[in-house]
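Peer 1: If you're matching them up, the sequences are chains A and W in order. Mapping of the first sequence onto numbering that gives the first Met the number 0: residues 0 to 455, in sequence order. Mapping of the second sequence onto numbering that gives the first Met the number 0: residues 0 to 455, in sequence order.
If you are wondering where the hints come from, they were derived from the structure by calculation, not from laboratory data. Among the hints, a few may not be true.
In silico contact screen, one side only, chain W against chain A (beta carbon under 7 angstroms); selected entries [said to hold, decoys possible]:
(1) Tyr7
(2) Met80
(3) Ser153
(4) Glu176
(5) Ser184
(6) Leu253
(7) Asp254
(8) Lys255
(9) Ile258
(10) Ala378
(11) Gly382
(12) Ile383
(13) Met424
(14) Glu428
(15) Asp432
Every residue, glycine too, gets a C-beta built ideally from N, C-alpha and C.
There are 2 protein chains.
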Amino acid sequence: MSEQKIPYKIYLEESEMPKAWYNVRADMKKKPAPLLNPETHEEATLEELSKVFCRELAEQELNTTDAYIEIPEEIRSFYRMFRPAPLVRAYCLEEKLQTPAKIYYKFEGNNTSGSHKLNSAIAQAYYAKKEGLKGVTTETGAGQWGTALSMACSYFDLDCKVYMVKCSYEQKPFRREVMRVYGASVTPSPSTETEVGKKILMEHPGTTGSLGCAISEAVEKATTTEGYRYVLGSVLNMVLLHQTIIGLETKAALDKYGITPDISIGCAGGGSNLGGLISPFVGAQLRGEANYKFIAVEPASCPTLTRGSYVYDYCDTGRVCPLSKMYTLGSGFIPSASHAGGLRYHGMSSVLSELYDQGIMEAVSVKQTEVFAAAEQFARVEGILPAPESSHAIKVAIDEAMKCKETGEEKTIVFGLTGTGYFDMYAYEKFHDGKMDDYAPTDEEIANALKNIPKF
Amino acid sequence: MSEQKIPYKIYLEESEMPKAWYNVRADMKKKPAPLLNPETHEEATLEELSKVFCRELAEQELNTTDAYIEIPEEIRSFYRMFRPAPLVRAYCLEEKLQTPAKIYYKFEGNNTSGSHKLNSAIAQAYYAKKEGLKGVTTETGAGQWGTALSMACSYFDLDCKVYMVKCSYEQKPFRREVMRVYGASVTPSPSTETEVGKKILMEHPGTTGSLGCAISEAVEKATTTEGYRYVLGSVLNMVLLHQTIIGLETKAALDKYGITPDISIGCAGGGSNLGGLISPFVGAQLRGEANYKFIAVEPASCPTLTRGSYVYDYCDTGRVCPLSKMYTLGSGFIPSASHAGGLRYHGMSSVLSELYDQGIMEAVSVKQTEVFAAAEQFARVEGILPAPESSHAIKVAIDEAMKCKETGEEKTIVFGLTGTGYFDMYAYEKFHDGKMDDYAPTDEEIANALKNIPKF
Numbered sequence: 000m001s002e003q004k005i006p007y008k009i010y011l012e013e014s015e016m017p018k019a020w021y022n023v024r025a026d027m028k029k030k031p032a033p034l035l036n037p038e039t040h041e042e043a044t045l046e047e048l049s050k051v052f053c054r055e056l057a058e059q060e061l062n063t064t065d066a067y068i069e070i071p072e073e074i075r076s077f078y079r080m081f082r083p084a085p086l087v088r089a090y091c092l093e094e095k096l097q098t099p100a101k102i103y104y105k106f107e108g109n110n111t112s113g114s115h116k117l118n119s120a121i122a123q124a125y126y127a128k129k130e131g132l133k134g135v136t137t138e139t140g141a142g143q144w145g146t147a148l149s150m151a152c153s154y155f156d157l158d159c160k161v162y163m164v165k166c167s168y169e170q171k172p173f174r175r176e177v178m179r180v181y182g183a184s185v186t187p188s189p190s191t192e193t194e195v196g197k198k199i200l201m202e203h204p205g206t207t208g209s210l211g212c213a214i215s216e217a218v219e220k221a222t223t224t225e226g227y228r229y230v231l232g233s234v235l236n237m238v239l240l241h242q243t244i245i246g247l248e249t250k251a252a253l254d255k256y257g258i259t260p261d262i263s264i265g266c267a268g269g270g271s272n273l274g275g276l277i278s279p280f281v282g283a284q285l286r287g288e289a290n291y292k293f294i295a296v297e298p299a300s301c302p303t304l305t306r307g308s309y310v311y312d313y314c315d316t317g318r319v320c321p322l323s324k325m326y327t328l329g330s331g332f333i334p335s336a337s338h339a340g341g342l343r344y345h346g347m348s349s350v351l352s353e354l355y356d357q358g359i360m361e362a363v364s365v366k367q368t369e370v371f372a373a374a375e376q377f378a379r380v381e382g383i384l385p386a387p388e389s390s391h392a393i394k395v396a397i398d399e400a401m402k403c404k405e406t407g408e409e410k411t412i413v414f415g416l417t418g419t420g421y422f423d424m425y426a427y428e429k430f431h432d433g434k435m436d437d438y439a440p441t442d443e444e445i446a447n448a449l450k451n452i453p454k455f
Numbered sequence: 000m001s002e003q004k005i006p007y008k009i010y011l012e013e014s015e016m017p018k019a020w021y022n023v024r025a026d027m028k029k030k031p032a033p034l035l036n037p038e039t040h041e042e043a044t045l046e047e048l049s050k051v052f053c054r055e056l057a058e059q060e061l062n063t064t065d066a067y068i069e070i071p072e073e074i075r076s077f078y079r080m081f082r083p084a085p086l087v088r089a090y091c092l093e094e095k096l097q098t099p100a101k102i103y104y105k106f107e108g109n110n111t112s113g114s115h116k117l118n119s120a121i122a123q124a125y126y127a128k129k130e131g132l133k134g135v136t137t138e139t140g141a142g143q144w145g146t147a148l149s150m151a152c153s154y155f156d157l158d159c160k161v162y163m164v165k166c167s168y169e170q171k172p173f174r175r176e177v178m179r180v181y182g183a184s185v186t187p188s189p190s191t192e193t194e195v196g197k198k199i200l201m202e203h204p205g206t207t208g209s210l211g212c213a214i215s216e217a218v219e220k221a222t223t224t225e226g227y228r229y230v231l232g233s234v235l236n237m238v239l240l241h242q243t244i245i246g247l248e249t250k251a252a253l254d255k256y257g258i259t260p261d262i263s264i265g266c267a268g269g270g271s272n273l274g275g276l277i278s279p280f281v282g283a284q285l286r287g288e289a290n291y292k293f294i295a296v297e298p299a300s301c302p303t304l305t306r307g308s309y310v311y312d313y314c315d316t317g318r319v320c321p322l323s324k325m326y327t328l329g330s331g332f333i334p335s336a337s338h339a340g341g342l343r344y345h346g347m348s349s350v351l352s353e354l355y356d357q358g359i360m361e362a363v364s365v366k367q368t369e370v371f372a373a374a375e376q377f378a379r380v381e382g383i384l385p386a387p388e389s390s391h392a393i394k395v396a397i398d399e400a401m402k403c404k405e406t407g408e409e410k411t412i413v414f415g416l417t418g419t420g421y422f423d424m425y426a427y428e429k430f431h432d433g434k435m436d437d438y439a440p441t442d443e444e445i446a447n448a449l450k451n452i453p454k455f
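Isolated chain A, as found in the complex (with noise of 0.2 angstroms):
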């Protein structure tokens, strides 16, 4: 097809949705290391994880086998609210780049929760309300996950108890109140109503909290109130399995144009956007019917793919999750206090963190300030305002298309916009008012975090 014919936006049509998620694992031929019982250290059982999640949802957790999992027609019926998400061809960024490279991203911004979280977080809802549970709880950092899961909960009927990290619920005011909106109760986080968050405002008075504090917290809760269950918005495998959606849609759509990405590009927190976008691109080269480039994009104060260690570690503060091999800087690392937005987790998905050992997927860490300029000029002119998070794959894609115009080549690039940043703009003021900088962590601060690591 010729080029002239590849619209702004490709919408597949509603019946050309996807209808089942891809799961990745299925095609590995050496699978993610599995998760751990915290306390035996032995292989974590169905049994075990159903008593912080929901049983269906911890045999995706567990599953390794089945190449595709079929989306219940209430979760499809969901999605049809806001999805498909559009693929947009982002002429206007080429030709202000004078690039020869053919850029696309895939947009998952047009949702009120504002990101992507809500493909997984309505997945969870449906799986919590058909084993008749009466709510679930959950963290979130920066917001995009609490806000989805609230919107999920409030479709579902069910209670929706968010522990938000405090130094976030105090900037943030406006995620707390859309929460709200959406009917979800919303805790700051170190909080008196977990033994854990005692023990940690005991130990650290006056802290602002961080994700690992309030996962443990939030599963804490799930575990001692009855009919409650814990959800996730990253990390797991089957988040990453409801995450596929995105790349499904992404592929579906550019198959129908004929084209072939040369560089997948996605920013990496836990690593759910992106391993969502890239498995079943990961999944076509691994039955060797393709050949691609993978890059995770993380920030360079929190670099977990690029300065991290691969071994077992501990999914929270508390240590009440299971163990999880991956790339990790220790559950005791918090990025710097100056560092904006999200992509704070100290850990990543063990379905990437393999793929990364593998040699199959790329990372690099970029600085926050190089992120915030190239959302500026990303905004001003593809029109949308991109959150902090996405960012980091923008300054990326924006620098593999440079690299395309010295060497002439039109490649084509695919990136996964992730969300919008209406509730960043403090971050925003901050970076043009020249206030914000670009601290990382030094070599002797990694070292020390993972010297904190326990050998398993």
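With chain A held as given, fit chain W onto it using these hints.
Peer 2: Just chain W, lined up with the frame of chain A:
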């Protein structure tokens, strides 16, 4: 076509997008009254208007004969970045209400400006660029228009000077910050940058401003600065013309599925969204092709159509703009400080005023607490967090759907969902905390406001 076949979201193909705006005045037998020169009270000429507005826009303002005006390719190219906008079938809302009514909404919030305002902003920026101007000036209240214009000016590399109503400037720092991302300069109004601003500050020290003041400042700045013109986001004929892209797309989408709307509903502040939505349907009715019901919804705190007078009045506080015959509460009218969101303008589009006067369009006013209750109900089932302005239309759409439930009628209701409420969480918070009141002007206050309108 069977009911089952109607998707959640009807997206037109890019090739189906309108190539011309529709000028409803061409089909009106009794035209809206012309603008008058504020000093001579004679009909405003093209030459006079061209001192304030770009010449081609002034021509559009005065054009009452051409039914279709071609959309330049440069504007259509920008439209393709965020249009066609989806026409959404509110299946979830219908189910929640258990109504036999079929509800559709045209969602204009899927762009960074967060509203329909971008449709006219990009058109006005284009003509300004084409005329070789350096920049444009404007006012903004709630901030939607200023944001849209900043985006449009950034795209065409034009300077953009925004006078933002002071109370809004102070309460919505993030709106201001988005405009800065797009390179606009934003000044709280009234300011000491203009003579009219100084005069207003002298007469009303400590005033937190009004749209009428900000318009006067923006017009003065434009007419006293070389290479600048003034642009406006609502009220004017040219703005309604650009906004007909909303109604043309809506009609094309409905026609595609053989659907005829019974009732079309839109919120009305200056009238740009409502006029844009209904114009193509009004035209069909004026030509005797169909029969529809049109409802304008305005806030009880600023009841221009429902309690105002249909007379010539000033469009701005400083009385520098042309006089317009319209429904008005007087250019000195300022809604209660407790009123949240936009829809605060004292007057109304002369086209809509005339349609209302001829009985072609109806109008109702609604209280803000019932508006926010409808907004929350809508958000929880349809997922989208609506702007307070748009929620006026939601409230009345729900009312009409509930009437259908009583009567058993399967009416088709279409309403305009003009934008998102991400920057209005302060108002949502007030609503939640029970701190929002429903102040509406007393009969005496309205009588006094109307008494202050000069006779021309």
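Peer 1: Are the hints correct? Go through all of them and say.
Peer 2: Results for each hint:
1. Tyr7: holds (4 angstroms)
2. Met80: holds (5 angstroms)
3. Ser153: This hint holds: W:Ser153 lies near chain A, its Cβ roughly 5 angstroms from the closest one there, short of 7 angstroms.
4. Glu176: Check passed: Cβ of W:Glu176 comes within 4 angstroms of chain A, closer than 7 angstroms.
5. Ser184: Check failed: Cβ of W:Ser184 comes no nearer than 12 angstroms to chain A, outside 7 angstroms.
6. Leu253: violated (18 angstroms)
7. Asp254: Status violated, d = 19 angstroms.
8. Lys255: For W:Lys255, the interface hint is violated, since the closest Cβ of chain A sits about 13 angstroms away, which is over 7 angstroms.
9. Ile258: Given a least distance of 17 angstroms, the restraint on W:Ile258 is violated.
10. Ala378: holds (6 angstroms)
11. Gly382: holds (5 angstroms)
12. Ile383: Status holds, d = 5 angstroms.
13. Met424: Hint holds; W:Met424 Cβ to chain A Cβ min 4 angstroms, cut 7 angstroms.
14. Glu428: The hint holds - W:Glu428 has a Cβ within 7 angstroms of chain A, the shortest such distance being about 5 angstroms.
15. Asp432: violated (10 angstroms)
When the structure is compared with the earlier hints, violations turn up for hints 5, 6, 7, 8, 9 and 15 and for no others.
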